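**Q** Relying on the hints, combine the two individually framed chains into one complex.
As a plain string of letters, each chain reads:
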Amino acid sequence: DAKTTQPTSMDCAEGRAANLPCNHSTISGNEYVYWYRQIHSQGPQYIIHGLKNNETNEMASLIITEDRKSSTLILPHATLRDTAVYYCIVRVEGGGSNYKLTFGKGTLLTVNP
Amino acid sequence: NAGVMQNPRHLVRRRGQEARLRCSPMKGHSHVYWYRQLPEEGLKFMVYLQKENIIDESGMPKERFSAEFPKEGPSILRIQQVVRGDSAAYFCASSPSTTAGNTIYFGEGSWLTVV
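Chains A and B supply the protein sequences, listed in that same order. Heads up, the first sequence is in the numbering used here, so the first residue is 1 and it goes up one at a time. Heads up, the second sequence is in the numbering used here, so the first residue is 1 and it goes up one at a time.
Be aware that a few hints might be false.
[To be verified] Here are a few chain A residues that face chain B, going by a calculated C-beta distance under 10 angstroms:
id, residue
1, 30
2, 34
3, 38
4, 42
[Unchecked claim] Covered stretches of chain B, going by a simulated chain A footprint (3 or more residues, C-beta under 8 angstroms):
id, stretch
5, 43–54
6, 102–110
In case anyone wonders, no lab produced these hints; they're calculated from the structure. Keep in mind that this is a model prediction, so the values were computed, not measured. Heads up, the beta-carbon is just placed ideally off N, CA and C, and yes, glycines get one too.
One chain only, chain B, in its complex shape (with noise of 0.2 angstroms):
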């Protein structure tokens, strides 16, 4: 069983440009969560989603930052106009339905170098 697929896994973008994230999910998983680690610092939790909803997106910045998971395909984290400050790893993390015991695992990250 095939774990968390992201990629790319590592994309520079120069600032002004559009950066777009993908995540594939465990076979069987219809939950995904995206968190971002700056340098140095901690995971922060940025959106969770189910099959085309987004259930919470309490931690994505409020502007230039989008989530989306359709019906069909992975799910794309797109991020507009990067600046320097958006530099980080991101990563996508996905669960089974709650109903059935809701572990969490987490791909292996997406680094993003804006220059």
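One chain only, chain A, in its complex shape (with noise of 0.2 angstroms):
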């Protein structure tokens, strides 16, 4: 099962920031933050992943809370084409059991115009 907990949905008007939450209160000290995003009718395509230090690139940036018990995934400038279902997984990086994603629900953005 999914060790993450998203919203079902969210809206956000073109040209904002869209800010998707996400809680891992479970997580363990070696485990990253993985996202990922399911436009329709494609595959899954990775956005960004950390450990605990904020990341940012081209596409997105990750906050992660002191804690690690949740994070927030940031796209600045959302456009149309950002309308997707995004994924908030948990995973250890470079090996162990945990090697596979598993994706939950994960959270229906809609940007709207």
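**A** Here it is as structure tokens:
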């Protein structure tokens, strides 16, 4: 079973920042937080991952709380093409028994014009 | 660097036929994962393979389904005697060696329709 909790759905206005929360209160010290998204009828797309420091790349920023029990994915300027289901997943990087990704239901983000 | 390549993208099979789905991992990736997504449902793990070895097949149905990742060539997911309930999107993913950070990347999927 997925070890994260996400809202079922969220709405965001085009051009505004989309902030997607995720709770992972049982995360272990060696587990990373990964974010993927799935646009309708496409394969899951890797977005970003992090351990405890905030991370940023060309797609998004990942903010992880100091106690690591929750995180927020930020899309700084959402576009209509960002409408997708966003998955927050915890996983050990570099091996171990938790090598695979276990997907929950994710958050359906709808970006509105 | 090409991504994970899956083919065919769409496949139609009659009940009782065999379906073969192929997956070429990203260059330098030696780990392959297969996932299935039934209509209106989530992504479910099926099997995890390394070259010539099945590491975890805990998500594979007990019958009719098999997977391989030979030393040379793509990974193959094989479904024998397909039934209508096998209609789904099948996603392949790959990752590099676990010693160097192993972010998993997905292909665009193969859509199987059983008629």
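**Q** Hint by hint, where does the structure go against what was stated? Just the numbers, ascending.
**A** Number 1 only.
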